[in-house]
Amino acid sequence: MIGKKIIQLENVDSTNNYVANLIQSNNIEHGTVILADEQTAGKGQRGNTWYSKPGENIVTSIYLRPEKLSVIHQFYLTIYVSISILKTLKKFDLSPSIKWPNDILIGSKKITGVLVETHLNKSNIEHVIIGIGINVNQMDLNTINGTSIRMETNEFNPIYTVLLSLINELNLNWKHITNENFTFLKKEYLNNLWLYQQETIFTDNQSEFTGKIIDIDEIGRLIIQKGNQIQKYNLKEIKFNLRNEI
Amino acid sequence: MNLTEIQDLIKFVAKSGVNEVEIEQKDFKIIIKAEQKGKDQPVYIQATAPVALPQAAPVAPAAAPVAPAAPVAPVADDSKYIIVKSPMIGTFYRSAGPDKDAFVNVGASISAGTTLCIIEAMKLFNEIESEVSGKIVKVLVDDASPVEYDQPLFLVDPA
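Top line first, the protein sequences correspond to chains L and Z. Okay, so the first sequence: first residue is 1 according to the numbering used here, each after it adds one. Okay, so the second sequence: first residue is 1 according to the numbering used here, each after it adds one.
It should be emphasised that the hints constitute simulated quantities derived from the structure, not laboratory data. Treat each hint with caution, since some may be false.
Straight-line Cα separation of at most 27 Å, DSSO-like style, residue types lysine-lysine; simulated pairs [stated by the list, open to error]: (1) K33/Z - K85/Z; (2) K11/Z - K91/L; (3) K123/Z - K187/L; (4) K232/L - K186/L; (5) K91/L - K232/L; (6) K11/Z - K236/L; (7) K11/Z - K122/L.
All chains should be built: construct the whole structure from the sequences, respecting the hints.
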């Protein structure tokens, strides 16, 4: 059961690090949730920092131990997390979409940050630390490309309302990972994928081109139709050419 | 937590569909249990104030998370070295962050369970551990380079 135990901290360097320390001291169970009012060294993607005003947003890490999940299916963890956040936000009257691979957008503005760290045991994923930041009540984000639930809806929501909804979604969707409902997960992901099946301008290492996202492959690469060609792209091999590139 | 906050929390738990929550703060712990079935079921709470802050329940430790990850293969013919290979397509990182020290350098002694590197695949960061004990002889890939499945990453002298 995810969220059966929630440890709330006033401040911490990073919630993902806090979980990593509990793992080291063998002091954590599957489903434990760490919630922090403030992170002093919040981790974003590789060296990026994630800043959130104390107490105004969700800053959380969740510890999961899949019973059996092969490393070749690891992209489904990203899908699982994205879908769970997306469904949570829908409950707060928002129309979110997933920006490949793992951002959640409202319109073209980013509302969440996700950092997933795994630990492998041979070819299986032994445990996962899912760090999630959701902008809830902060009104003055220091970027024009970001937004919060309150900025979008004018509603103030206590952190726990959003956190418990998120925990509920993480619980409901976890069975798709344990039952290996990968087809279902992928379908949900594509149905909510930003710019899916829409003519879009992209840039790859050669040039700017018009194409559309038609699928993702088993490791999460983007499959784009470019005229009558079909091409696969890994992270960093492709950019969305939009004025508000995030 | 004051009384209003507790009351709010109970409402959130009841609405969220989560059926049991234990929240631990610095000097406070509360357990809220909701009975599922109907919507307006009562919610039971149990709170323990200061002092009684039990350490996270001492669960029977499921096999300690030290097991190795990277596939290893002996190097052909007379070489005594072992090659540690990449278990996936991704980006190879030698440290936990750009400003951090490398997990291992040439000459470092490693044992089964030592973290060797991180491989990032689609924004998932995977810690790769050694399956063998020995010394790092060579790091075969530059930091932040792309790697393929089964690509050799390290040469290890198992001596």
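Hinted pair, alpha-carbon criterion (27 Å max): K11/Z, K91/L. Please report holds or violated. The hint holds at about 16 Å.
For a C-alpha distance cap of 27 Å, please report whether K33/Z and K85/Z respect it. Violated, at roughly 48 Å.
Given the hint that K91/L pairs with K232/L, does the C-alpha gap stay at or below 27 Å? With a Cα-Cα distance of about 34 Å, the restraint between K91/L and K232/L is violated, given a limit of 27 Å.
Compare the distance between the alpha carbons of K123/Z and K187/L with 27 Å, and conclude whether the hinted pair is satisfied. 20 Å, holds
Verify the proposed pairing of K11/Z with K122/L, using a straight-line Cα cut of 27 Å. Status violated; Cα separation ~44 Å.
Pair hint K11/Z and K236/L, alpha-carbon separation not exceeding 27 Å: 44 Å, violated
Taken at face value, is the distance from the CA of K186/L to the CA of K232/L at most 27 Å? 16 Å, holds
Comparing the model with each numbered hint stated earlier shows that hints 1, 5, 6 and 7 do not hold.
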